[in-house]
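There are 4 protein chains.
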Amino acid sequence: MSRPWRRPSSLMPSRDGFPTKVLLGALAGALAGAAAVAIWGSGSHAANGSRQSPSRERNTRNSRRATMHAQQMISTHPHVKGNTNDALIRCIEECYSCAQACTSCADACLGEDMVNQLTQCIRLNLDCADVCAATGSIATRRTGSNEEVIRRMLEACAVACRLCGEECERHAGMHEHCRICAESCRRCERACREALSSMAH
Amino acid sequence: MSRPWRRPSSLMPSRDGFPTKVLLGALAGALAGAAAVAIWGSGSHAANGSRQSPSRERNTRNSRRATMHAQQMISTHPHVKGNTNDALIRCIEECYSCAQACTSCADACLGEDMVNQLTQCIRLNLDCADVCAATGSIATRRTGSNEEVIRRMLEACAVACRLCGEECERHAGMHEHCRICAESCRRCERACREALSSMAH
Amino acid sequence: MSRPWRRPSSLMPSRDGFPTKVLLGALAGALAGAAAVAIWGSGSHAANGSRQSPSRERNTRNSRRATMHAQQMISTHPHVKGNTNDALIRCIEECYSCAQACTSCADACLGEDMVNQLTQCIRLNLDCADVCAATGSIATRRTGSNEEVIRRMLEACAVACRLCGEECERHAGMHEHCRICAESCRRCERACREALSSMAH
Amino acid sequence: MSRPWRRPSSLMPSRDGFPTKVLLGALAGALAGAAAVAIWGSGSHAANGSRQSPSRERNTRNSRRATMHAQQMISTHPHVKGNTNDALIRCIEECYSCAQACTSCADACLGEDMVNQLTQCIRLNLDCADVCAATGSIATRRTGSNEEVIRRMLEACAVACRLCGEECERHAGMHEHCRICAESCRRCERACREALSSMAH
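Protein sequence lines, in the order shown, are assigned to chains A, B, C and D.
Reading the first sequence from the start, the letters are residues 1 to 201 in our numbering.
Reading the second sequence from the start, the letters are residues 202 to 402 in our numbering.
Reading the third sequence from the start, the letters are residues 403 to 603 in our numbering.
Reading the fourth sequence from the start, the letters are residues 604 to 804 in our numbering.
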């Protein structure tokens, strides 16, 4: 007698008892899949998720990356007690990261042969680094309150990052450090605006 | 006819053709294993690898963590061209991270009821934040050279972090933010000393 | 023979004429007056013009005061060539001075027995120091242009100084360092607003 | 009858009564002398005592110079009570002043046509500004104690100022801002070393 459909006997308890084939296959697959994700997740990607060239891969695997701990620190503040404003914390971290990126980009531009075409870029980077550093520091404080100052600094920082990012983008095609810095400024600008929105509630 | 052992026919090309049962099981297992590793790796662990309480888990998953990009930025410097001093770069990142942690800890101590017992801790945190911020900034620069100043700042930073870390540890049992900050200072102290060693070659 | 007046003939041979007495008196008076002003102007007054207590007089005379040289530095900028915006320069100097005053006041408040009543004051002082330092630095730069960022920082700084000054004034009657810091914040706020006005033209 | 000596009758109460002419002359002279000293003392000299060119005279008279108030602030610290370390206070003020001068010089060099010959100078100025700012801030704090860190920062600052001053001097003949900055660095270096000596007692 013909059956119109085939019952996948391997998914059913076999007449022999134990669905060994399936289990063995699942185990092997699980190990392979887990290994693949683990290697993929840690080794070959830059912190921002883009693929790296082989030399940068090597550097990333060798250098244990430092991370910001603003979330941890602030959630243990006696007045916060775990009830954190995540948008503001993200902004704090982006500010510190962007301050470093802009300091680095200003320095890299200074080292280029065509430095005299990059003076406006250097100037905006130096200003941006100053604003980001101050904003990250001020936004960190939870004792007492100083909301109006935080808002104004977030606004100033968003503007500084926008202008610096725009200038860096003009040179991004020719200078990789400008391309990377522009991304950092865009992330920080966005984070500042999200933090501002979160403070309106 | 009875067989003393069962040849796992599913692992061999069956007379039926395609070892479907095994493949299906492997696929299901791979997906399950990959998902397990992905969730475990990103969601439930704090940046420093320790398990978090449920509320902090929720916060970490929701907040996209910012990372430092010193490696990327500096490797694209025209004078560096990918040949980075990884120990120095790690140190730069730890410095920026520690500057934020110490600013946060000083502020958290200020918010404690027993603030008058934490004034030395606050003072060391404020000093440490200043040293770390300056050191991170100065160590970032690759144009020209200023090795003697970098060395002295790394030494000053290592000392500042050691003293601040020791003071924070005295209060770590009572204040979680002091415990976290002490860890940050220890990491930064170590990174400064490794960076110093790397500059001796 | 009597004479109604006696001419000190040893100073002049003339019979008539020269109003020697007046000149001698004028000379003596001029020397005395000049000496009086010189001593009064340098020794017994604090930099801000108020009379000091004897111990502070001693300290002021002994310590050669450092002054800011922003005017000199900026007037020699290749793009400025002596044509300085004096209001902006005054603001730069006030910003650096205020950054130091607020750092000092935060620290002094931290050292008071009643520190737990001064936490809001400390927080505002720390924020103000950060804003002032960044504003002084950014306003200093004349290469290229970044007017929108300078304006926003001047506004943020004016607000930070106003709020910090108001808080310090609440404690001025009890803490001299708060009284002095409040004056510094008021001067800086005013300088920021004058600099903003000067940029509108 | 002849008299061997002449009694200057103008200095004696005349037979007419009041030595009016002398007094009037003395008063006029005192006023003139005082006015002369006051104008000379404030208007035509740069803050460092050297004579200025006419245009700079005009600028200095118009701009009310800001001064540092570190002496005042620190002498009112609850733990200091007027017993100030003047060498350390002078150093604090020089640090803030030098941080501004180096920021300004880096920016001025960036604005020169021959910027590509000034990149090392810019780099040293940026580093020096960072060290000076941190040192001024850290040395300001009197609550609790952190002597080892202060010492190391004073040493780092002295070295940074020495190296920056030497580099600026190489360009001083061609760039006035480098000449002025070199002087600032020398003053700050000296102040740091005097502060270090004062801490050894």
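A couple of the hints might just be wrong.
Unchecked claim - Heads up, incomplete: computed chain A residues facing chain C, CB under 10 Å, no partners named:
{"id": "1", "residue": "M114"}
{"id": "2", "residue": "A134"}
{"id": "3", "residue": "G144"}
{"id": "4", "residue": "S145"}
{"id": "5", "residue": "E148"}
{"id": "6", "residue": "E155"}
{"id": "7", "residue": "S197"}
{"id": "8", "residue": "S198"}
Derived by calculation from the structure, the hints in this document are not laboratory data.
Yeah, the Cβ is synthetic: ideal placement off N, Cα and C, and Gly gets one too.
Evaluated hints:
Because the smallest distance between the Cβ of M114 of chain A and any Cβ of chain C comes to about 15 Å, over 10 Å, the interface hint for this residue is violated. Proximity of A134 of chain A to chain C holds as hinted, the smallest CB-CB distance being about 4 Å (cut-off 10 Å). Nearest Cβ of chain C to the Cβ of G144 of chain A: about 4 Å, under the 10 Å cut. The hint holds. Annotation: S145 of chain A was flagged as interfacial toward chain C, and the flag holds, the nearest CB pair being 8 Å apart, inside 10 Å.
The closest approach between the C-beta of E148 of chain A and any C-beta of chain C is roughly 6 Å, which is under the 10 Å cut-off, so the hint is satisfied. Satisfaction of the interface hint for E155 of chain A is found here, the shortest Cβ-Cβ separation to chain C being roughly 6 Å, below the 10 Å cut-off. Among the interface hints, the one on S197 of chain A is violated; its C-beta lies about 18 Å from the nearest C-beta in chain C, farther than the 10 Å criterion. Look at S198 of chain A: its Cβ only gets to about 19 Å from chain C, farther than 10 Å, so that hint breaks.
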